[in-house]
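Chemist: Now for the letters of each chain:
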Amino acid sequence: MATISRDNRGLRLAVRYLVLVLVALVFAFPLVFMIVSSLKPTAQLLSDTSSLRAFLPVGDISLSNYTAAFQRAPIGRFVLNSVFVTVVTVTASLFLCSLAAFSFTYLKWRGNGLLLSIALATLIVPFETIAIPLLLFVSRLPWLGLDGIEYGWLNTYRVQIIPWIADALTIFLFVQYFKDLPRELIEAARAEGASWWQIYRRVVMPLSGPVLATAAILKSLKMYNEQYLWPLIVVQDEAHRPIMVGLGYFFQLNVAWGEVMAYLSVITLPVLAFYLVLQRAFIASIASTGVKG
Amino acid sequence: MGSKLTQSNRAGWAFALPGFGLIALFIIVPFFFAFALSLTDQRLISPNPTQYVGLENYRNLLGLAVVTLEPERDESGEIVRDEDGALQYPRVRSITRSDEYSQYAGMREWFRWQSGDNARVVVASDVIFMKALVNTLTFVIVVAPVQGGLALVLALLINQRLRGINVFRTVFFMPVVVSIVVVSLLWRFIYDGNDGLLNNLLSGLTFGLFEPVDWLGNTDTALGSIIAMSIWQAVGFHMVIWLAGLQTISPTLYEAAAIEGASKWQTFRYVTWPGLRNTAVLVLIVITMQSFALFAQIDVMTNGGPLDSTQTLVFQAVERGYGKQDISGGSTISVILFLLVLTISLIQRYLTRERT
Numbered sequence: 000m001a002t003i004s005r006d007n008r009g010l011r012l013a014v015r016y017l018v019l020v021l022v023a024l025v026f027a028f029p030l031v032f033m034i035v036s037s038l039k040p041t042a043q044l045l046s047d048t049s050s051l052r053a054f055l056p057v058g059d060i061s062l063s064n065y066t067a068a069f070q071r072a073p074i075g076r077f078v079l080n081s082v083f084v085t086v087v088t089v090t091a092s093l094f095l096c097s098l099a100a101f102s103f104t105y106l107k108w109r110g111n112g113l114l115l116s117i118a119l120a121t122l123i124v125p126f127e128t129i130a131i132p133l134l135l136f137v138s139r140l141p142w143l144g145l146d147g148i149e150y151g152w153l154n155t156y157r158v159q160i161i162p163w164i165a166d167a168l169t170i171f172l173f174v175q176y177f178k179d180l181p182r183e184l185i186e187a188a189r190a191e192g193a194s195w196w197q198i199y200r201r202v203v204m205p206l207s208g209p210v211l212a213t214a215a216i217l218k219s220l221k222m223y224n225e226q227y228l229w230p231l232i233v234v235q236d237e238a239h240r241p242i243m244v245g246l247g248y249f250f251q252l253n254v255a256w257g258e259v260m261a262y263l264s265v266i267t268l269p270v271l272a273f274y275l276v277l278q279r280a281f282i283a284s285i286a287s288t289g290v291k292g
Numbered sequence: 000m001g002s003k004l005t006q007s008n009r010a011g012w013a014f015a016l017p018g019f020g021l022i023a024l025f026i027i028v029p030f031f032f033a034f035a036l037s038l039t040d041q042r043l044i045s046p047n048p049t050q051y052v053g054l055e056n057y058r059n060l061l062g063l064a065v066v067t068l069e070p071e072r073d074e075s076g077e078i079v080r081d082e083d084g085a086l087q088y089p090r091v092r093s094i095t096r097s098d099e100y101s102q103y104a105g106m107r108e109w110f111r112w113q114s115g116d117n118a119r120v121v122v123a124s125d126v127i128f129m130k131a132l133v134n135t136l137t138f139v140i141v142v143a144p145v146q147g148g149l150a151l152v153l154a155l156l157i158n159q160r161l162r163g164i165n166v167f168r169t170v171f172f173m174p175v176v177v178s179i180v181v182v183s184l185l186w187r188f189i190y191d192g193n194d195g196l197l198n199n200l201l202s203g204l205t206f207g208l209f210e211p212v213d214w215l216g217n218t219d220t221a222l223g224s225i226i227a228m229s230i231w232q233a234v235g236f237h238m239v240i241w242l243a244g245l246q247t248i249s250p251t252l253y254e255a256a257a258i259e260g261a262s263k264w265q266t267f268r269y270v271t272w273p274g275l276r277n278t279a280v281l282v283l284i285v286i287t288m289q290s291f292a293l294f295a296q297i298d299v300m301t302n303g304g305p306l307d308s309t310q311t312l313v314f315q316a317v318e319r320g321y322g323k324q325d326i327s328g329g330s331t332i333s334v335i336l337f338l339l340v341l342t343i344s345l346i347q348r349y350l351t352r353e354r355t
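Residue numbers (numbering that gives the first Met the number 0), protein chains in the order written: chain W, 0 to 292; chain D, 0 to 355.
I should point out that these hints are in silico values taken from the structure, not numbers from a laboratory.
Check the hints yourself; a few may be wrong.
As the list claims (entries may be wrong) - Covered stretches of chain D, going by a simulated chain W footprint (3 or more residues, C-beta under 8 Å):
id, segment
1, 25-34
2, 130-136
3, 151-159
4, 173-182
5, 263-276
6, 310-317
As the list claims (entries may be wrong) - Residues from chain D that keep clear of chain W, each with C-beta distances beyond 10 Å, as calculated:
id, residue
7, 7
8, 21
9, 63
10, 64
11, 96
12, 102
13, 107
14, 111
15, 116
16, 141
17, 209
18, 250
19, 352
Don't be surprised by glycine CBs; every beta carbon is placed ideally from N, CA and C.
Okay, chain W solo, but in the shape it has when bound:
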């Protein structure tokens, strides 16, 4: 009897792993295919799809798709644009949203509760429902440039950055985190005569590593990966175009799939690498959006 039950347990364990492996294959195969295909000439890439060779780096392997893709489109420029927009937006967002959340959480002032409620209410407004009126709005907004006042924000970096800095989710994450910090620390600093700015800068921020990481990861993914609809309608010139919109270069009649896979890999591999290195932080940041009070 004992041996039977042990066999049983072994079998059940094997079945569990089999299920997990099959599911893992479903999630992994397109990405493996993308990376492997980016190394093959288009003709071989197409003929390989009829067998498991599609997922193996075999045959005529080279980086020539990458050089060809970089020649077809100013990919370097697009990557730089996206990275620049992402870094500036995320930095500004962490600063301004944490500052606002600090004020909402610790300071007593008239309108505090009302303004926080209004800010959080915008969580139910999907960006897609304001994109069109916002397009009209930014096309007329003034800007103080070196040559005086100019009108219209289209085809700039600022149109990709400034509207995205503050958002309700980031403020919400900071408020949730600040609420759980020990209040005595702040009261003690206040009693010693520290200004609010000093408390923000020297007491609260140094304790905020986890929430800063969470907010930075979520915002970076949003700015780098998900910026498509907005730049599509407000940025027409190549000089400011981000990577996701730059993909349009490869939609022409004869799609050179080898080059497309190379471009997709260039866009994706840095993020995947970040994710694999920092996966605990990535997953914790997503999980924290779910822990609502």
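Once you have looked at the hints, place chain D on chain W.
Modeler: For chain D alone, kept in the frame of chain W given last:
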């Protein structure tokens, strides 16, 4: 909160204002703009001044009517049939363009059904908008439960105590960190009718019995294909949220269930599921909101085709507001979209409310 903190109006406003001001300027103002613009004939660039047009934009989108067509008869009153015996009907145009029926002016046929000898035709002011509306609702109604449910199954799979389970979690979550634009382009190739990976895979598994399908080029399969891909990309996100919920359930409850001799299903039904209530509401609402925003997949994969079978509300809002520079038309669709999101979120909240 019994805190000793004193009133500090100036610092409070100064700290909150930059962040709040940006939200007000770039979310709240355009939000109200959308409502206002939907009542005008505003264009992105136009030499003519903008005019107030009342609810005309809404009428142009939502106008809907059912027209009954009687079959054609010859002089003796007999119903005319063609060679195949099919009934003949007057053209819908003869009604929508006739002065007698001015209430149907400008409408076009959306679909029809047979009722006795008569044909009933649903005519709409804007057939493409109607298709976009139906497709978007279909997408939401399928994706919200399926993606939420699959995410829960994955979370339960990952919540097992097995060696190497973290590797699987890492892989299941991987598509979430890949841009939906990248995923869409990649899957365009997977779904390809000729060299596509999916056709080759299915034909390999069935030893060549499977007939290749042009997944995105076929009106019957295009929307379904986009649904499947969208779920594939986003399901890991909600798996993690379910997982966070699962981990808040106290292990002592499971121990108690085990002592009581509860089966696996009973444990899930009476311990796990009640503990996930708040998570369930959140997951459902978040997926619903994200599904209503369906745009990038359509723009990259199908452009709304074939035959408008993958049109969506956001795609139409952008095509009009940006493509045709018809800001008021795009804004009107945006307002309708927002009202839909709001209504459905409220209904979900009501249905999943705490019952005491």
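Chemist: Give a verdict on every hint.
Modeler: Quick rundown of the hints versus the structure:
{"no.": "1", "hint": "25-34", "verdict": "holds (count 8)"}
{"no.": "2", "hint": "130-136", "verdict": "violated (count 0)"}
{"no.": "3", "hint": "151-159", "verdict": "holds (count 3)"}
{"no.": "4", "hint": "173-182", "verdict": "holds (count 10)"}
{"no.": "5", "hint": "263-276", "verdict": "violated (count 0)"}
{"no.": "6", "hint": "310-317", "verdict": "holds (count 3)"}
{"no.": "7", "hint": "7", "verdict": "violated, 5 Å"}
{"no.": "8", "hint": "21", "verdict": "violated, 4 Å"}
{"no.": "9", "hint": "63", "verdict": "holds, 22 Å"}
{"no.": "10", "hint": "64", "verdict": "holds, 28 Å"}
{"no.": "11", "hint": "96", "verdict": "holds, 32 Å"}
{"no.": "12", "hint": "102", "verdict": "holds, 30 Å"}
{"no.": "13", "hint": "107", "verdict": "holds, 24 Å"}
{"no.": "14", "hint": "111", "verdict": "holds, 32 Å"}
{"no.": "15", "hint": "116", "verdict": "holds, 45 Å"}
{"no.": "16", "hint": "141", "verdict": "holds, 18 Å"}
{"no.": "17", "hint": "209", "verdict": "holds, 13 Å"}
{"no.": "18", "hint": "250", "verdict": "holds, 18 Å"}
{"no.": "19", "hint": "352", "verdict": "holds, 15 Å"}
Against the hints set out earlier in the document, violations occur for numbers 2, 5, 7 and 8.
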